[in-house]
Amino acid sequence: MRRVQFILLLLVVGSWQPAPPEELTARVHLYWDALMEGDKAAALEFVAQDARNNFINRREPIMRGWALQSIEIKSESEAQVSVVVDRMVDGISIAKAVISENWVLQGQEWKVAVMLVDPLELFRSMTRGTAKPDPKPLSGDVRVVPSTLKIWFLSARQEGKVGVRNERPERLSVTSVDYDAALFKLAATPEILESGDQAELKIEYLGEEIKKNLPSSLVLNFEYQGQPESIKIEVVYNFFSDGSRGLFGLTKEEADKLPRGVVPRPAIKLPGRQKPTTPPPG
Amino acid sequence: MERFGTTMRALISVLVVGALSTTGLAQRIDTGEGPFLQGITTTSATLIYAPFVSNTVAEPGRFDTTFVISNPLSFPPGMTSPFLVAGGNLEGVIELYFFDFDGTMIYFDSTMDPNVGIGLSAQGTLGPGKSWIFLLQDILAVTHNDRNKTFNGQVYIVGRGLDGLAGAVSVVNFGNGFTQTLIMTPALGQGPTPMPGLPVRFP
Chain A
1 MRRVQFILLL
11 LVVGSWQPAP
21 PEELTARVHL
31 YWDALMEGDK
41 AAALEFVAQD
51 ARNNFINRRE
61 PIMRGWALQS
71 IEIKSESEAQ
81 VSVVVDRMVD
91 GISIAKAVIS
101 ENWVLQGQEW
111 KVAVMLVDPL
121 ELFRSMTRGT
131 AKPDPKPLSG
141 DVRVVPSTLK
151 IWFLSARQEG
161 KVGVRNERPE
171 RLSVTSVDYD
181 AALFKLAATP
191 EILESGDQAE
201 LKIEYLGEEI
211 KKNLPSSLVL
221 NFEYQGQPES
231 IKIEVVYNFF
241 SDGSRGLFGL
251 TKEEADKLPR
261 GVVPRPAIKL
271 PGRQKPTTPP
281 PG
Chain B
1 MERFGTTMRA
11 LISVLVVGAL
21 STTGLAQRID
31 TGEGPFLQGI
41 TTTSATLIYA
51 PFVSNTVAEP
61 GRFDTTFVIS
71 NPLSFPPGMT
81 SPFLVAGGNL
91 EGVIELYFFD
101 FDGTMIYFDS
111 TMDPNVGIGL
121 SAQGTLGPGK
131 SWIFLLQDIL
141 AVTHNDRNKT
151 FNGQVYIVGR
161 GLDGLAGAVS
171 VVNFGNGFTQ
181 TLIMTPALGQ
191 GPTPMPGLPV
201 RFP
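Residue numbers (the working numbering), protein chains in the order written: chain A, 1 to 282; chain B, 1 to 203.
Be aware that a few hints might be false.
Below, in silico cross-link-like pairs of lysine-lysine (DSS-like), each with a Cα-Cα straight-line distance of 25 Å or less [stated by the list, open to error]:
id, chain 1, residue 1, chain 2, residue 2
1, A, LYS185, A, LYS202
2, B, LYS130, A, LYS202
3, A, LYS212, A, LYS257
4, B, LYS149, A, LYS161
5, A, LYS232, A, LYS257
Think of the hints as simulated: they come from the structure by calculation, not from any bench.
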């Protein structure tokens, strides 16, 4: 029973928040009331000195009302204030949105530390960082992804790469890569791969051949637990896909003869007169 | 009573027209020789197009283009495709053919680097119901090792191994907030048929 009481006490203490200072609450109201009236000059009085340019350069959305949601005291001189605003969307409808801002105590006054979001960085942060290797359990193998190394004929850079992932429980070290040195140059190779690590193996095509979809291969030699092992990786160079042939209207023979440096044109055929799909009887 | 009769006649007309349209669209339409067929067919590759994308470093800020390329071939089990595609090829590779203002071409294939943006599988394919989201500068970083390479032109997008494709580009000036969004064509719900891209035939 005492243990339960102790846990409850811990929970109460843990969730306890100091009451926000009255002065902070009052200034939050004055700041948001000024924003609602579109009076940025008046609202500027509540902005931290080093954030004034951010505030002036920030474009305010059209808002029709606001309500204080919470004030979370982070320290004696810092608080996070969240408000719910009625925000105009597309100029006709209103949607609720939560806006959270940091307030800091500067001298004797609470002021809002306006942050300016860089939209490019915001978008990049949305689309970055998901490229980490599969979090799947280790398979016990050394995986090569994609399984075939392609070098694209139409690409400006005549190089191709694969990811090599060590899915074994211990580290491996790459000892050498065997490849056709008359055709390729090694551009990047993994050296030591800890368990779960992935690194790039990249080669560059040096030749001038124009025939498409030519096969080759390379061998990745490595040492695992003191034992030599190897993996064969298929290579296709001058890769020219069916999609490219379709876009440019080329048969396989025509694609094979397409020289380097010539930019083919998309061959879109508009629909013509409809033909019967089956020959008429007789 | 008269009103009921009118309503019923209208309803029957809609049903008849709908049935005829569906029957017509479900058949293969042979439009003659050429790399593209306009019709609702399974050809295992699909084309969509955007007339303008840009990556230009300028003051203030820079112009860049956000891409979203979506695979619409995901619909509840037991339902036929709302887009009237056969739905045999549901996952594939995305090929990008950029033509700069002077006609020079930049090529990118999603298997070149599956780590560009978000939405691709580890193999670089786009699965049903998935969206691939990235910036033009991400592509230029791979093809030319230069995020700031200037590009102003058009882009053809081929979904290899896909019976349908949809997408949009937003040309954005990240300095002053200007944004121009273009839906890639042919687009879902536009024109006489709800075609998710133009089927490509391989000569």
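Each hint tested on the structure:
Among the hinted pairs, LYS185/A with LYS202/A is consistent with the structure: their alpha-carbon atoms are about 9 Å apart, no more than 25 Å. Among the hinted pairs, LYS130/B with LYS202/A is inconsistent with the structure: their alpha-carbon atoms are about 28 Å apart, more than 25 Å. Restraint check for LYS212/A and LYS257/A: the C-alpha separation of about 8 Å stays at or below 25 Å, so the hint holds. A C-alpha spacing of about 22 Å is found between LYS149/B and LYS161/A, which places the hinted pair at or below 25 Å, so the restraint holds.
Taking the CA atoms of LYS232/A and LYS257/A, the gap is about 30 Å. The hint is violated against a cut of 25 Å.
When the structure is compared with the earlier hints, violations turn up for hints 2, 5 and for no others.
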